[in-house]
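Listed below, chain by chain, are the residues.
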Amino acid sequence: MNKDIAEYALEYAKGKGVDYAEVRAHREYQEAIVLKNGIVEAYIQSVDSGFCTRILADGGLGFASTNKWMKDEARDVVDIAYKFARSANRRNKIVFAKEEGVEVKYSVEQKVKVEDVDPESKIAQLSEVDKTLISLGINIPARVIQCIITSTEKYFANTEGARITSFIPKVFATAMITVVEQGHPEQAARQFGCSGGWEFFDQWNIPEEISHEAKVLKRLVEEGKPITPGKMDLICGPEVAGIAAHESCGHPMEADRILGREMSQAGRSFIYPGGPFWIGTRIGSPVVTIVDDPRIKNSYGYYEYDDEGVKAKPRHLYKNGIINEFLQNRETAAKLGTRSNGSSRSVNYDREAIVRMANTYVQPGDMSEEELFEDVKHGVYMRSFTEWNIDDRRFNQRYVGREAYLVEDGKLKHPVVRPTIETSTLNFWSSVDGVSKELVLNAGTCGKGDPSQGIPTFMGGPMIRLRGVYIK
Amino acid sequence: MSEALDRTEVLVRKAKSLGADEIIAKTTFGRYRQTRFSNNEVDITVAWNDYVTDVALAWKKRVVATQIRNFEDAEQRIEQLFNLAKVSKENPLYGGIASGKFSYGKPSADKEVVNVEHSDHIQAAIQAAEEEAKGRVEAGGTLLTSYDDVYLVSSEGPVGQDARSAVELSIRAFSEREASGHGVSCSPTLKGFDPSAAGRKAGEIAGLARGPRSGEEGMYDIVFDPLFVGSMLGMYAMMSSAFYVMIRMSIFVDKLGEQVASDLVTLRDVPAGYSVAHRLFDDEGVPTKENVIIDHGVLKTLLHNTSTARLFGGQTTANAGLVVPTAWNMEMDAGNTSKDNLFEEVKRGLYLTNTWYTRFQNYATGDFSTIPRDGIFLVENGEIKQSLKDIRLSDNALSLLKNVAGVSKERQHISWWEARLPSLSPYVLIKDVHITKPK
Numbered sequence: 008m009n010k011d012i013a014e015y016a017l018e019y020a021k022g023k024g025v026d027y028a029e030v031r032a033h034r035e036y037q038e039a040i041v042l043k044n045g046i047v048e049a050y051i052q053s054v055d056s057g058f059c060t061r062i063l064a065d066g067g068l069g070f071a072s073t074n075k076w077m078k079d080e081a082r083d084v085v086d087i088a089y090k091f092a093r094s095a096n097r098r099n100k101i102v103f104a105k106e107e108g109v110e111v112k113y114s115v116e117q118k119v120k121v122e123d124v125d126p127e128s129k130i131a132q133l134s135e136v137d138k139t140l141i142s143l144g145i146n147i148p149a150r151v152i153q154c155i156i157t158s159t160e161k162y163f164a165n166t167e168g169a170r171i172t173s174f175i176p177k178v179f180a181t182a183m184i185t186v187v188e189q190g191h192p193e194q195a196a197r198q199f200g201c202s203g204g205w206e207f208f209d210q211w212n213i214p215e216e217i218s219h220e221a222k223v224l225k226r227l228v229e230e231g232k233p234i235t236p237g238k239m240d241l242i243c244g245p246e247v248a249g250i251a252a253h254e255s256c257g258h259p260m261e262a263d264r265i266l267g268r269e270m271s272q273a274g275r276s277f278i279y280p281g282g283p284f285w286i287g288t289r290i291g292s293p294v295v296t297i298v299d300d301p302r303i304k305n306s307y308g309y310y311e312y313d314d315e316g317v318k319a320k321p322r323h324l325y326k327n328g329i330i331n332e333f334l335q336n337r338e339t340a341a342k343l344g345t346r347s348n349g350s351s352r353s354v355n356y357d358r359e360a361i362v363r364m365a366n367t368y369v370q371p372g373d374m375s376e377e378e379l380f381e382d383v384k385h386g387v388y389m390r391s392f393t394e395w396n397i398d399d400r401r402f403n404q405r406y407v408g409r410e411a412y413l414v415e416d417g418k419l420k421h422p423v424v425r426p427t428i429e430t431s432t433l434n435f436w437s438s439v440d441g442v443s444k445e446l447v448l449n450a451g452t453c454g455k456g457d458p459s460q461g462i463p464t465f466m467g468g469p470m471i472r473l474r475g476v477y478i479k
Numbered sequence: 502m503s504e505a506l507d508r509t510e511v512l513v514r515k516a517k518s519l520g521a522d523e524i525i526a527k528t529t530f531g532r533y534r535q536t537r538f539s540n541n542e543v544d545i546t547v548a549w550n551d552y553v554t555d556v557a558l559a560w561k562k563r564v565v566a567t568q569i570r571n572f573e574d575a576e577q578r579i580e581q582l583f584n585l586a587k588v589s590k591e592n593p594l595y596g597g598i599a600s601g602k603f604s605y606g607k608p609s610a611d612k613e614v615v616n617v618e619h620s621d622h623i624q625a626a627i628q629a630a631e632e633e634a635k636g637r638v639e640a641g642g643t644l645l646t647s648y649d650d651v652y653l654v655s656s657e658g659p660v661g662q663d664a665r666s667a668v669e670l671s672i673r674a675f676s677e678r679e680a681s682g683h684g685v686s687c688s689p690t691l692k693g694f695d696p697s698a699a700g701r702k703a704g705e706i707a708g709l710a711r712g713p714r715s716g717e718e719g720m721y722d723i724v725f726d727p728l729f730v731g732s733m734l735g736m737y738a739m740m741s742s743a744f745y746v747m748i749r750m751s752i753f754v755d756k757l758g759e760q761v762a763s764d765l766v767t768l769r770d771v772p773a774g775y776s777v778a779h780r781l782f783d784d785e786g787v788p789t790k791e792n793v794i795i796d797h798g799v800l801k802t803l804l805h806n807t808s809t810a811r812l813f814g815g816q817t818t819a820n821a822g823l824v825v826p827t828a829w830n831m832e833m834d835a836g837n838t839s840k841d842n843l844f845e846e847v848k849r850g851l852y853l854t855n856t857w858y859t860r861f862q863n864y865a866t867g868d869f870s871t872i873p874r875d876g877i878f879l880v881e882n883g884e885i886k887q888s889l890k891d892i893r894l895s896d897n898a899l900s901l902l903k904n905v906a907g908v909s910k911e912r913q914h915i916s917w918w919e920a921r922l923p924s925l926s927p928y929v930l931i932k933d934v935h936i937t938k939p940k
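Here the protein sequences line up with chains A and B, keeping their order.
Note that my numbering numbers the first sequence so that position 272 is 279, with each residue one more than the last.
Note that my numbering numbers the second sequence so that position 128 is 629, with each residue one more than the last.
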């Protein structure tokens, strides 16, 4: 990364009389290992670096990027972005909400630096996951273990004086298995992620976690029964609570979606100006509070300043069941008469930053897990999920249980085969009457943007209990 | 030989001099420009250039790969990559890469796409949508123009040069808050690009979709629009890659030679000249060709690179990506009936124009659901009777193939955000499809 070139680009943009300009430079080291049935399918190592400029001029936005670190290239990208901005010819001029430019440096510490761990050791640790699976004596004909490591150095500078340097290493791992018992295949996938060093790979204890999944799938084939459809109580484990928080709270609360900017791809939101749902409207029961917080240390969605140079902070999206605060960038905040809350993120120098979640979770409550279960007469405990999806208004969603059990008189019974809840956002969160104390966060990659920008996030929660929902 | 090709060859020679058994290097100079619009206004125009060399190297069946963007230290990166191979582990299933000299056709890319004035085409599409919807619409979408120069050198003989261009417009028009239609126009050349047609399609569906009411759960005969079919073909294409079969992320495990679909279904992978995915060679330098994956309902082949083909006892199908086999452009063969005739066969069913968010419970069994969006219509006696909303298609990927009851003559080239794999898709009638709704 060459900060001088980035500064040169910014100075050149200033000389054009722009309303606003920023330069964002990235240098990212990437490493990926794919282990298929115990064999290293491929080991990939790369370094990518480049920079972009985004310019606001005459109420329009332009963006251009390059991976050539040269002054003439810097002038070119500024010229292109400036031309794009001026040619937007918008009736409704884009303005940015006010921000102070800050000068700051921050980084995430690694107890064990990812680049210090030799490739043989990384392969050995992934192989250990595979060996553990084989040792279970369960028929697992497909085992895919992957690890992706990134170390990202960023430099952000804008015409308002912001100068932000950051370094964030991340480790991400996935394990996907197919168990075949009695001729029937069942599948499970797990994801693990952090901001930090290789020390987290050990902490995740992937061999034990994925072994648990294999045993659950075997038992599901052998003992699982379908549920008789009907209204009943549903206890969601943290994984299910987390995906619901992400899909039916985080996404509809993205202000760019609310204002229609994603209308042709990821869609709009059931929340919109002049609609039945807005800030202050009830969307869930009083025990439901959902937070998005980028600043959780070592989280997979961690950052201190967003990609517009705005200080990150916790966002209370749904608060005590009420729609409370949208995820904002500077453009949406100006349109909605507020300030950005630091939600603008980009995956790389060649993508514009857009409104994103970071770490979204259901805030823990005051019940023990035993209390959640003890007065369930008839219901399902959905510990994890397989299929999930939601409509593009983020109102009609479905979660299908992977590990799930019948609950009768507060006791866990036999596994339930793929219990399904298909309901509305309003009904889901309004049915919650109990929230446990212990918060568990899981890594995930959130998809949005065109071109697609898969971005690291955490999603999670404690256990939550829904009363009288339809399960099939 | 161009400078880029020469530079690519230098990397291959460097790797061979170090002792690499096989190496492929592919240099791409890509120029991309995209304009995003929503609420009938341009939100932003972005341009990005990518100068990258993808390298895959094998040494004693250890497979490693990298991307090189800084050419100043490219040879040093090759050394690092070779050193990585030395400490990686052997893949006993690795079967090598294609060898020999091949001749390729001439690139047919259209350089003019990079000079396209985006805003004119976007305005044409919006105007067409409003005219067809017979009223104001709120429209959003993207216009992407791209031009790639590609240079490939393999240590095993293939040397190739290609140029690939594309212009793709996607427009979604809302006539009401919950009434929308979507249209696309995509072409490798300006000659085949028709933004107004995309706008007309979006506007037509958006107009018909006004006043939706909640749909009902049940089994339906459904006419699927080419846009919806394009998403489904992407799903079947992924599952036909030998790699995904090997990891059981596919309904086609152990199904070669079996009837997996109605005999009305023939699926091909064809990187043809009309497609935005057109290409002269795959990532091993093998000349691309047409592959019939499903022939009148029978699974004939998976998609292979050289290595997976050897494992399965066959020949490469010229679908090598740098690591795993991948489809280029899916085609579903046209049927012998018209779109209108398909509708006439529906006594009481649905017409689904688009979908998104397809997720599987189990890739091996094929159980999945997907969420129809944009126009969803109740069809009675061949006529559209009512606009619907709030439904989900919850069924099985194999069952859908087997229940195909009609395929139209009319087909459309599809490529957009939700259907990233380009396709040539017809209207398709499928019987007894399970529809669910929230409770």
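Worth double-checking, as some hints may not be accurate.
Straight line, CA to CA, 30 Å or less: simulated DSBU-like cross-link-like pairs of lysine-lysine [claimed, not checked]: (1) Lys420/A <-> Lys587/B; (2) Lys75/A <-> Lys756/B; (3) Lys938/B <-> Lys384/A; (4) Lys910/B <-> Lys78/A; (5) Lys561/B <-> Lys100/A; (6) Lys90/A <-> Lys612/B; (7) Lys938/B <-> Lys420/A; (8) Lys43/A <-> Lys756/B; (9) Lys635/B <-> Lys479/A; (10) Lys515/B <-> Lys75/A; (11) Lys326/A <-> Lys938/B; (12) Lys756/B <-> Lys225/A; (13) Lys238/A <-> Lys938/B; (14) Lys138/A <-> Lys590/B; (15) Lys138/A <-> Lys903/B; (16) Lys612/B <-> Lys238/A; (17) Lys756/B <-> Lys222/A; (18) Lys756/B <-> Lys232/A; (19) Lys756/B <-> Lys238/A; (20) Lys587/B <-> Lys43/A; (21) Lys120/A <-> Lys590/B; (22) Lys479/A <-> Lys903/B; (23) Lys384/A <-> Lys612/B; (24) Lys43/A <-> Lys635/B; (25) Lys138/A <-> Lys801/B; (26) Lys940/B <-> Lys444/A; (27) Lys120/A <-> Lys932/B.
Label-pair restraints from in silico Cβ distances [to be verified]: (28) Ile145/A <-> Val615/B: 41 to 47 Å; (29) Gln37/A <-> Lys801/B: 44 to 50 Å; (30) Ala196/A <-> Val615/B: 37 to 43 Å.
The set of hints was computed from the structure by calculation and includes no laboratory data.
Here the structure is a predicted model, which is why all the values come from computation and not from measurement.
Glycine included, each C-beta is placed from N, C-alpha and C at the ideal position.
Hint by hint, which ones does the structure fall short of? When the structure is compared with the hints, numbers 1, 2, 4, 5, 9, 15, 16, 19, 23, 24, 25, 27, 28, 29 turn out to be violated.
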